[in-house]
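Spelled out from the first residue to the last, the chains are:
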Amino acid sequence: MQIKRKDLLGLEDLTREEIEIILDTAKSMREILDRPIKKVPTLKGKTVVNMFFEPSTRTQSSFDLAAKRLSADTVSVSTKGSAVQKGESLLDTLLNIDAMKADAFIVRHWASGAPHFLAKHTEAAVINAGDGTHEHPTQALLDMLTMEDRFGKIEGLRVLIVGDILHSRVARSNIFGLKKMGAHVTLAGPPTLLPEYFKELGVEICYDIDEAVKDKDVIMALRIQKERLEEAYFPSIREYRKYFGITRERLKKASKNAVIMHPGPVNWGVELDFDLIQERESLILDQVTNGVAIRMAVLYLFIRGEKAHE
Amino acid sequence: MNRKLFKGGNVVDVLRRKVSKADVLVEEGFILAVEPSIEASDAEVINCDGLFIVPGLIDMHAHLREPGEEHKEDIGTGTSAAIHGGYVAVVSMPNTNPPCDNRSVVEYILRRSKEEDKAEVLPCGTITKGRKGLELAELSDMHEGGAVAFSDDGSWVQHSGVMRRALEYTKFFNGLIISHAEDSTLTHMGLANESALTTKLGLRGMPIAAETIAIFRDIELARLTGGRLHIAHVSSKDSIELIKRAKEADIKVTAEVTPHHLLFDENKLVDYDSNYKVNPPLRSAEDREALLDALKKGIIDVIATDHAPHADFEKMDEFNAAPFGMIWLDFAFPVLYQSLVTSGKLDLIKLVESMSLKPAKILGLEKLGAIEKGYRASFFAFNPETEIKIDREFIKSRAYNTPLYNFKVKGKIEWTLKDGKIYRH
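Residue numbers (my numbering), protein chains in the order written: chain Y, 1 to 310; chain C, 1 to 425.
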């Protein structure tokens with residue numbers, strides 16, 4: 001099983017077969033994580049550079065851990081304390097690090113398309129770890145792996161994504177990935193954060209959460225960023241919770257088997273009420289574990305896959 | 001020898017709307033005669049066989065970046081690019097640093113233009129002091145100093161009262177107000193057209209309504225005041241409707257479209273190529289077609305380039321960080337000729353007139369924009385058979401920010417004549 005492309009820029013570009021290869025590889029990678037010695041020499045001698053131009057704890061440590069589990073050498077570059085703060089451009093940064101002969105760049109950037117830009121200027125694999133409001137492919141892959149674990153398959157699943165869809169790269173990658181794998185996707189949230197343009201991606205849109213939760217297998221809440229409040233996308237956190245929060249009361253209308261997911265970190269009491277965890281199955285921590293497995297799979301397939309696309 | 005005889009070219013006659021073989025006799029910077037055949041034994045003869053002889057182009061909208069941002073372009077490199085591209089006159093937009101908001105900057109630009117002695121620079125002054133949108137700049141003094149129009153280009157004058165005064169005040173010298181129609185409260189931090197495509201790409205949108213709201217208000221103010229309004233870089237079908245209705249109501253309004261809005265649409269953004277990042281943004285394919293149609297019907301009067309040079313290091317950055325704009329002066333005419341005329345989408349006369357005669361008329365430039373007895377001897381020779389390659393060797397602008405970089409285009413400007421002086425390329 002091989003992936004014949006150099007970079008993982010988003011799920012929109014991937015085929016269903018490629019997604020299946022990554023998910024299957026991740027399952028075997030997960031076995032490594034359960035061993036007493038959680039390390040294999042697969043990527044020994046390879047160099048992975050984490051380039052995080054935006055604060056991130058879980059994604060960055062997840063990628064770092066994934067690379068280390070496969071014995072790759074890792075280096076981290078962040079905007080804090082780096083030449084970027086001195087006014088160095090993204091291209092300057094890349095060209096300099098590229099000259100140090102890395103095999104892969106993991107790129108998290110506040111600008112949509114930044115990994116695409118970098119991919120054009122390096123021979124190394126570029127893995128998108130979240131670009132602006134565009135895509136976050138490994139997050140969606142780990143979400144899909146989590147759903148597959150729970151339900152046995154993704155085909156036919158009814159998935160609801162709730163919240164700030166407009167600014168969510170997680171939502172976009174999930175829409176592309178889930179649609180490709182045959183799931184039904186419904187989006188919900190205030191219209192300011194859920195423009196009707198999304199309909200063109202082949203999803204349903206619903207502005208009434210009570211209606212939206214009905215018959216869903218997966219309810220995925222997205223993080224509300226506090227700065228959206230300053231930009232007046234909605235009037236108050238209180239009102240958001242009232243109309244778009246997943247509350248215990250509201251979940252009674254969902255199907256009995258429905259599970260809760262969230263890319264984290266959760267604003268408890270806003271997107272999700274804390275007490276519903278007692279009542280419903282939450283896969284939030286499974287998502288985190290699967291994150292390492294997915295990133296191991298991606299590093300393995302895209303770095304090792306080098307020969308295939310040379 | 002003072003006299004020059006241009007023999008045997010296909011003269012593009014925008015006044016009579018025809019192309020015919022003719023000889024053109026030029027003396028002391030003016031056209032003496034345009035006849036099917038002229039004999040002048042005392043004239044230097046320039047053979048124009050196989051060439052189109054086209055009136056010198058006038059760009060109503062270019063950024064020459066001087067004063068203040070000479071690392072992108074200056075009046076020397078900008079006018080070299082212009083004359084190379086067949087332009088004999090270029091309106092320089094005032095969003096420089098400092099902005100062209102008083103007579104001393106207008107006069108500085110005119111002096112630099114004379115020193116360079118290539119395409120003529122026609123300064124556009126700002127509408128408001130410092131382009132801040134609050135107080136009128138010294139419009140009449142700038143006009144007397146040589147400013148041909150006024151615009152806060154790059155920003156819309158948000159304050160309706162100030163814009164009203166600008167349109168009203170300039171009436172006593174028949175001034176022209178150019179509107180950069182963009183309600184920035186709707187485009188704040190925007191990067192691309194607001195649409196399904198750009199939503200998918202995660203690029204912050206700039207809705208068409210930001211343009212139509214601004215155009216609607218400015219048209220209403222032109223109606224109220226009777227002032228002359230020109231709408232810069234129109235980008236959408238809805239905007240065209242407003243301009244059409246205003247023209248039908250005899251409001252003094254004219255409009256321009258850029259080559260990029262005629263040729264490209266938002267689908268070009270899928271690879272995040274910052275060379276396609278322009279303001280107003282590239283819209284849908286439907287909008288692009290509507291713009292071409294409006295040009296054909298005369299609802300849009302002019303093709304203006306919005307030539308916006310930027311240094312490589314500025315454009316070669318993430319899409320969010322890269323500045324808006326692309327360059328055009330060196331090659332707008334050959335590219336438009338190949339894409340629109342050769343393909344039969346636009347006739348040659350319409351293309352030429354929208355780039356020469358119409359801007360001359362709107363700007364009030366006497367004896368410019370046509371090849372006619374008594375007119376200024378400003379025209380160029382276009383060879384439709386010779387191929388050019390748009391690369392560093394070809395481009396005379398200081399900047400290279402164009403998605404057409406390294407593209408080959410059929411059609412070469414062999415030389416440009418400006419006020420009787422020939423510039424060979």
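The hints are simulated quantities; they were obtained by calculation from the structure and are not laboratory data. Worth double-checking, as some hints may not be accurate.
As the list claims (entries may be wrong) - Selected chain Y positions facing chain C (in silico; Cβ < 10 Å): (1) 53; (2) 90; (3) 91; (4) 103; (5) 111; (6) 167; (7) 172; (8) 195; (9) 197; (10) 227; (11) 228; (12) 230; (13) 234.
To be verified - Calculated lysine-lysine pairs in the DSSO-like style (CA-CA distance at most 30 Å, straight line): (14) C:18 to C:129; (15) C:171 to C:132; (16) Y:180 to C:408; (17) C:252 to Y:242; (18) C:200 to Y:179; (19) C:361 to Y:199; (20) C:18 to Y:4; (21) C:200 to Y:6; (22) Y:153 to C:200; (23) C:132 to Y:179; (24) Y:120 to C:268; (25) C:268 to C:132; (26) Y:199 to C:237; (27) C:7 to Y:120; (28) Y:6 to C:268; (29) C:252 to Y:120; (30) C:171 to C:200; (31) C:7 to C:297; (32) Y:38 to Y:101; (33) Y:199 to C:345; (34) C:268 to C:361; (35) C:389 to Y:120; (36) Y:226 to C:200; (37) C:268 to C:18; (38) C:171 to Y:120; (39) Y:180 to C:268; (40) C:421 to Y:120.
Every residue, glycine too, gets a C-beta built ideally from N, C-alpha and C.
Right, here's what the structure says about each hint:
1. 53: Check passed: Cβ of residue 53 (chain Y) comes within 9 Å of chain C, closer than 10 Å.
2. 90: OK, holds: residue 90 (chain Y) within 10 Å of chain C, min 5 Å.
3. 91: 5 Å, holds
4. 103: With a minimum Cβ separation of about 23 Å from chain C (threshold 10 Å), the hint on residue 103 (chain Y) is violated.
5. 111: 4 Å, holds
6. 167: For residue 167 (chain Y), the interface hint holds, since the closest Cβ of chain C sits about 8 Å away, which is under 10 Å.
7. 172: Nearest chain C Cβ about 6 Å off; hint holds.
8. 195: 6 Å, holds
9. 197: The hint holds - residue 197 (chain Y) has a Cβ within 10 Å of chain C, the shortest such distance being about 4 Å.
10. 227: 12 Å, violated
11. 228: Violated: closest Cβ of chain C sits about 13 Å from residue 228 (chain Y), beyond 10 Å.
12. 230: 12 Å, violated
13. 234: 17 Å, violated
14. C:18 to C:129: 45 Å, violated
15. C:171 to C:132: Since the Cα atoms of residue 171 (chain C) and residue 132 (chain C) sit roughly 22 Å apart, the hinted pair holds (cutoff 30 Å).
16. Y:180 to C:408: Violated: residue 180 (chain Y) and residue 408 (chain C) sit about 39 Å apart, past 30 Å.
17. C:252 to Y:242: 52 Å, violated
18. C:200 to Y:179: Status holds; Cα separation ~14 Å.
19. C:361 to Y:199: 47 Å, violated
20. C:18 to Y:4: 57 Å, violated
21. C:200 to Y:6: Given pair residue 200 (chain C), residue 6 (chain Y) holds - Cα atoms ~22 Å apart, limit 30 Å.
22. Y:153 to C:200: Status holds; Cα separation ~26 Å.
23. C:132 to Y:179: 48 Å, violated
24. Y:120 to C:268: Cα-Cα ~16 Å, so holds.
25. C:268 to C:132: 33 Å, violated
26. Y:199 to C:237: At roughly 23 Å apart (the allowed maximum being 30 Å), residue 237 (chain C) and residue 199 (chain Y) satisfy the hint.
27. C:7 to Y:120: Outside the cut-off at roughly 50 Å; violated.
28. Y:6 to C:268: 22 Å, holds
29. C:252 to Y:120: 48 Å, violated
30. C:171 to C:200: Distance of about 47 Å is beyond 30 Å: violated.
31. C:7 to C:297: The hint is violated at about 34 Å.
32. Y:38 to Y:101: 27 Å, holds
33. Y:199 to C:345: 34 Å, violated
34. C:268 to C:361: 34 Å, violated
35. C:389 to Y:120: Within the cut-off at roughly 23 Å; holds.
36. Y:226 to C:200: Measuring from Cα to Cα gives roughly 23 Å; hence the hint holds.
37. C:268 to C:18: Given that 30 Å is the threshold and the Cα spacing comes to 36 Å, the pair is violated.
38. C:171 to Y:120: 53 Å, violated
39. Y:180 to C:268: 24 Å, holds
40. C:421 to Y:120: 45 Å, violated
Violated hints, listed in ascending order, are 4, 10, 11, 12, 13, 14, 16, 17, 19, 20, 23, 25, 27, 29, 30, 31, 33, 34, 37, 38 and 40; each of the other numbered hints is respected by the structure.
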